[in-house]
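Take the sequence shown: its position 31, counted from the start at 1, is 31 in my numbering, and no numbers get skipped.
Just so you know, the hints here were simulated from the structure itself, not pulled from any lab data.
Keep in mind that a hint or two might mislead.
Straight-line C-alpha distance at most 20 Å; calculated EDC-like pairs for lysine to aspartate or glutamate [stated by the list, open to error]:
# : residue 1 : residue 2
1 : 83        : 116
2 : 99        : 164
3 : 7         : 73
4 : 99        : 137
5 : 69        : 30
6 : 99        : 142
7 : 83        : 73
8 : 42        : 22
9 : 96        : 157
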Amino acid sequence: MSVPLPKLTFNSLNSRTIKDFERRFSAYLEANKLTNEDEVIKIAHLKSAVDLETDELIQSFNITGETSKKILEALTNHFKPEKNLIMSQFKFFGCKQAKTENFQTFYANLKTLAAECEFGDQSDNIMKARIVLGIQDPELQERLLRNSSSTLLEIVEYCKCAEEAGANKSRINANIQDDTQEEVSISKIKTHQRWKPKERSAESTPTPYDCRRCGTKHLPRSCPAYQKTCTKCRRKGHFSSRCRTKKNNISPRRSGAFCFVQKLFTNPLFSPHNEKMVSF
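Whenever a hint applies, use it, and build me the whole structure from the sequences.
Given below as structure tokens:
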């Protein structure tokens with residue numbers, strides 16, 4: 001099964017699209033068994049993949065010993081942005097590790113920026129300095145500054161190990177904290193269960209009983225005779241119908257007329273012979 005020929009248009013030309021086309025064109029040659037064909041055939045396939053304006057641009061390059069690879073390189077160089085060395089170095093020396101960025105990502109970004117800076121044989125030394133200055137951990141910075149003779153590879157490995165050790169420590173502390181919180185929660189639950197008041201059983205539910213004070217059946221502390229005055233004995237807490245005081249023990253209410261008669265008969269001036277009937 002053949003692979004279709006990729007297309008490249010003039011309006012879409014830039015370093016990224018050319019690089020992508022080069023990758024797809026290589027796959028096209030491989031799939032259609034054209035890799036080992038003469039360059040004339042490869043160039044013919046390549047020029048069939050581009051539009052008229054792009055083909056005219058290729059002709060303007062006047063490539064000596066034209067091959068498909070040289071054509072793609074010429075297109076890449078033509079659309080490659082002009083290199084600004086000062087700007088590239090400015091970006092490199094301003095590169096710092098972000099708070100949430102791991103060391104491996106920081107180091108990869110630093111290497112990408114360094115590739116555009118043309119540091120030459122001083123590349124490793126400059127990379128070491130930028131790593132020490134750019135990492136987030138101040139304690140790690142201090143340890144690296146003490147070992148100024150370390151190679152770039154040693155510094156990179158040391159930073160990776162330090163970061164991994166820090167991550168392991170955080171995980172251990174988190175597990176310890178979780179265990180402590182779990183123990184506290186269990187202790188609280190046990191304490192709550194220990195002091196939880198017992199629920200009343202069905203047997204302890206109050207039931208009505210026959211009251212001797214009012215003569216009715218009611219629940220405890222619900223007597224209608226509570227604080228009521230008995231009309232017989234004048235005492236509180238029961239009805240007269242339930243009064244158990246004997247009639248002889250009931251003291252009559254002393255009115256003013258009774259006191260007068262009593263006083264009259266106890267006066268020594270009066271004798272039984274002078275006793276008179278007093279009616280009221």
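>> Next pair to validate is residue 83 with residue 116; report whether the Cα-Cα distance is within 20 Å.
In response: 8 Å, holds
> Given the proposed pairing of residue 69 with residue 30, does the C-alpha separation stay at or below 20 Å?
Replying inline: Given pair residue 69, residue 30 holds - Cα atoms ~14 Å apart, limit 20 Å.
> Can the restraint linking residue 96 and residue 157 be considered satisfied, given a maximum Cα separation of 20 Å?
Replying inline: Holds - the C-alpha atoms of residue 157 and residue 96 are around 18 Å apart, at most 20 Å.
> CA of residue 99 to CA of residue 142, is that 20 Å or under?
Replying inline: 18 Å, holds
>> Between the alpha carbons of residue 42 and residue 22, is the straight-line distance 20 Å or under?
In response: 12 Å, holds
> Does residue 164 lie within 20 Å of residue 99 when you go C-alpha to C-alpha?
Replying inline: The hint holds at about 16 Å.
> Has the given pair, residue 83 with residue 73, been kept, meaning a C-alpha gap of at most 20 Å?
Replying inline: Measuring from Cα to Cα gives roughly 17 Å; hence the hint holds.
> Regarding the pair residue 99 and residue 137, is the alpha-carbon distance no greater than 20 Å?
Replying inline: 9 Å, holds
> Going straight from one Cα to the other, do residue 7 and residue 73 come out at no more than 20 Å?
Replying inline: 17 Å, holds
Checked against the numbered hints above, the structure breaks none of them.
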